[in-house]
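Number of protein chains: 2
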Amino acid sequence: MEVEEEVRRIVDQVKELHDSATSFVSASSQEELSLRQRSSVVDASIRRLHSTLVSDKHLDPKLFDKLEEDLQRARCLLADGDTSSFLPFKPQGRFVRMFLGPVNVRASRKDIQLKVKEEYNSYRDRTALLFLVFPAILLTLRSYVWYGCLPAFPVQLYEAWLLFLYAGLVMRENILRANGSDIRSWWLYHHYCAMAMALVSLTWEIKGQPNCVQKQKGVRLFLQWAMMQGVAMLLQNRYQRQRLYTRIALGKAKRMDVVWGETSGVDGQLWLLCPILFTLQGFEAYVGLQLLRTALTGVVAEWQVLICGILLVVMAIGNFINTVETLMVKSRF
Amino acid sequence: MEVEEEVRRIVDQVKELHDSATSFVSASSQEELSLRQRSSVVDASIRRLHSTLVSDKHLDPKLFDKLEEDLQRARCLLADGDTSSFLPFKPQGRFVRMFLGPVNVRASRKDIQLKVKEEYNSYRDRTALLFLVFPAILLTLRSYVWYGCLPAFPVQLYEAWLLFLYAGLVMRENILRANGSDIRSWWLYHHYCAMAMALVSLTWEIKGQPNCVQKQKGVRLFLQWAMMQGVAMLLQNRYQRQRLYTRIALGKAKRMDVVWGETSGVDGQLWLLCPILFTLQGFEAYVGLQLLRTALTGVVAEWQVLICGILLVVMAIGNFINTVETLMVKSRF
Ligand SMILES: CC(C)(COP(=O)(O)OP(=O)(O)OC[C@H]1O[C@@H](n2cnc3c(N)ncnc32)[C@H](O)[C@@H]1OP(=O)(O)O)[C@@H](O)C(=O)NCCC(=O)NCCS
Ligand SMILES: CC(C)(COP(=O)(O)OP(=O)(O)OC[C@H]1O[C@@H](n2cnc3c(N)ncnc32)[C@H](O)[C@@H]1OP(=O)(O)O)[C@@H](O)C(=O)NCCC(=O)NCCS
Chain V
252 MEVEEEVRRI
262 VDQVKELHDS
272 ATSFVSASSQ
282 EELSLRQRSS
292 VVDASIRRLH
302 STLVSDKHLD
312 PKLFDKLEED
322 LQRARCLLAD
332 GDTSSFLPFK
342 PQGRFVRMFL
352 GPVNVRASRK
362 DIQLKVKEEY
372 NSYRDRTALL
382 FLVFPAILLT
392 LRSYVWYGCL
402 PAFPVQLYEA
412 WLLFLYAGLV
422 MRENILRANG
432 SDIRSWWLYH
442 HYCAMAMALV
452 SLTWEIKGQP
462 NCVQKQKGVR
472 LFLQWAMMQG
482 VAMLLQNRYQ
492 RQRLYTRIAL
502 GKAKRMDVVW
512 GETSGVDGQL
522 WLLCPILFTL
532 QGFEAYVGLQ
542 LLRTALTGVV
552 AEWQVLICGI
562 LLVVMAIGNF
572 INTVETLMVK
582 SRF
Chain U
252 MEVEEEVRRI
262 VDQVKELHDS
272 ATSFVSASSQ
282 EELSLRQRSS
292 VVDASIRRLH
302 STLVSDKHLD
312 PKLFDKLEED
322 LQRARCLLAD
332 GDTSSFLPFK
342 PQGRFVRMFL
352 GPVNVRASRK
362 DIQLKVKEEY
372 NSYRDRTALL
382 FLVFPAILLT
392 LRSYVWYGCL
402 PAFPVQLYEA
412 WLLFLYAGLV
422 MRENILRANG
432 SDIRSWWLYH
442 HYCAMAMALV
452 SLTWEIKGQP
462 NCVQKQKGVR
472 LFLQWAMMQG
482 VAMLLQNRYQ
492 RQRLYTRIAL
502 GKAKRMDVVW
512 GETSGVDGQL
522 WLLCPILFTL
532 QGFEAYVGLQ
542 LLRTALTGVV
552 AEWQVLICGI
562 LLVVMAIGNF
572 INTVETLMVK
582 SRF
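Here the protein sequences line up with chains V and U, keeping their order.
Position in the first sequence counted from 1, then plus 251, gives you the numbering used here.
Position in the second sequence counted from 1, then plus 251, gives you the numbering used here.
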């Protein structure tokens, strides 16, 4: 029988394949383990040696500089080359563990890590546009169609979208971090705050007529802040995407940049971007203070307005401090 | 110089390590590729042969059964053994892609897959308790402390928690699925619906005095449903954890169960569990209909109440149909 023959052949093939898979998996996991062990030993030695160097007062300064650079290069090679996936994991953030459980989000290959980063950038581009357009439409309709009075449903839809958006952003940033990005923790906290704000604003009752122009002042300020956030994101994206491409094009690994100095073309852009960012951060603080005033003078005496005001002021201050710190770190090279 | 010597040694070690890592990565990715190709070829052949078998009318029925079983065994070996990680990916769900981007959430090793599943179960256990306790406290305080009137804040806190909880559950279920779980899509949709409900209920204004007993009827029903959901989850968890342990203890691979019949001890439990589940589903539908009535007779004429009612009825019907279907599939063996 022909079919019988074929079934027998397939069964044999599957068994064979299974055996090769099993032996491959066990062999490679053994080799992986040994690479992992060697990597963490070497990593620890580099650290130890670095502190010996620093504490050694009798060293010739020139020699010291040379040795420091050698060590730094070694560290770069270890952290950015193919060895990087064998270094001990940074523990994954709480947020990731809460939503994903014990799944490993670290990509094992460099090209996938870059893909994750590019996808993050294009996700931000897509959302930044909506960020601008959605509240702009709401505010326009308010003035020309709704006689100064925002209906609750579209605003709440927007707030729900914001909540999901920020949750997605912060999840991706956690993942980027697990994949070795140097993103500052503040930018993650910033997005947790923004999530909290979206959540709080969902419970915020949007009052209608009469007198809604005054009662809805808080909501209006919130929407204006959101539009401004969209502008900030678009600008930042343009800059960061260019930065990534320059890096990829030059084939420089991440940490190497710091040693060898930033690519100057993009660095110039940063100095253009910053005044705009500072202005936006000032506006953020202003909106926050306005909300606080609205809450405290009692025109809209809801706790939601108070919390949103506080969050905005905190975010503005944090953004400012961290932007300044970034600039200071960069100008040192 | 001693330090100089040591730095040189470390630099050499790092280079060496880097080279072994590079050659390991390239060798293993080549072997992986070939295993991937062989797996998908064999997988396709099994499929093809299966359809040939089924369409071949001249085959002796006994021989047919034997060949079918051989093929099925081959498929099990392929899908559950070490080869499983080389089979073509099921595409990851939209929800996962939206929140995580192009990260691979499939665990490469069987033991990690089991760990993910166990962690999912214990996550559910932890949350099921809160599910029961939180609304119970709210409802008790309402009767004895708050004079029949729920304050908005704790209820909204609970609703926000529900939203995050369901998002986490559905994310983990998507991940389990990517790791080869046979979970029906409905249970995922069920949790999307529950998420939608939590989101909608957040925008639902919780009215205070006067007359809040009547105005808050919807909220009260919602909390009662949540408690009931907690009971269902606890029972289901007990059953499913036992099922997982029996499986692990017997060392049977997942799909094999279906071929060789369920482990009878746990199967008996299912028949005990189901009447309770059906009762709970009945109650779910009842709560939904009550909400619909409240919305339509106009005591609380908010769209949120209407939507929540519809969602509850849909969930009850879907749960019922899918529980019945599961039972039917199981009783066939
Ligand atoms: C100041 C700024 C332009 C610096 O960007 P930068 O030059 O990329 O900063 P760094 O070199 O320190 O970046 C380190 C890493 O963090 C990332 N990063 C920096 N700022 C980030 C941010 N706001 N969000 C997400 N990721 C950020 C970078 O992409 C980089 O990632 P990588 O290590 O994977 O390549 C940027 O932080 C910024 O735009 N901040 C202001 C944001 C703001 O205030 N927004 C709200 C306005 S109201
Ligand atoms: C009926 C029921 C007990 C069957 O459970 P079961 O015997 O595990 O069902 P199956 O054998 O079809 O399970 C297949 C897979 O889906 C998973 N699964 C089944 N129902 C699930 C559910 N409700 N949620 C999450 N996962 C579920 C199982 O764990 C199993 O995973 P695995 O392939 O990784 O091992 C279960 O589906 C259930 O409890 N349903 C009712 C839920 C309900 O109605 N809740 C609300 C009450 S108002």
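One or more of the hints may lead you astray.
When chains are identical, the list treats them as one kind, so a pair holds in a single copy or across two.
To be verified - Straight line, CA to CA, 25 angstroms or less: simulated BS3-like cross-link-like pairs of lysine-lysine:
hint	residue 1	residue 2
1	K361	K341
2	K468	K581
3	K308	K366
4	K266	K361
5	K341	K366
6	K308	K266
7	K581	K317
8	K317	K361
9	K468	K341
None of these hints come from the bench; they were simulated from the model.
Check the structure against each numbered hint from earlier and tell me which ones fail, lowest number first. Of the numbered hints, 2, 3, 6, 8 and 9 do not hold.
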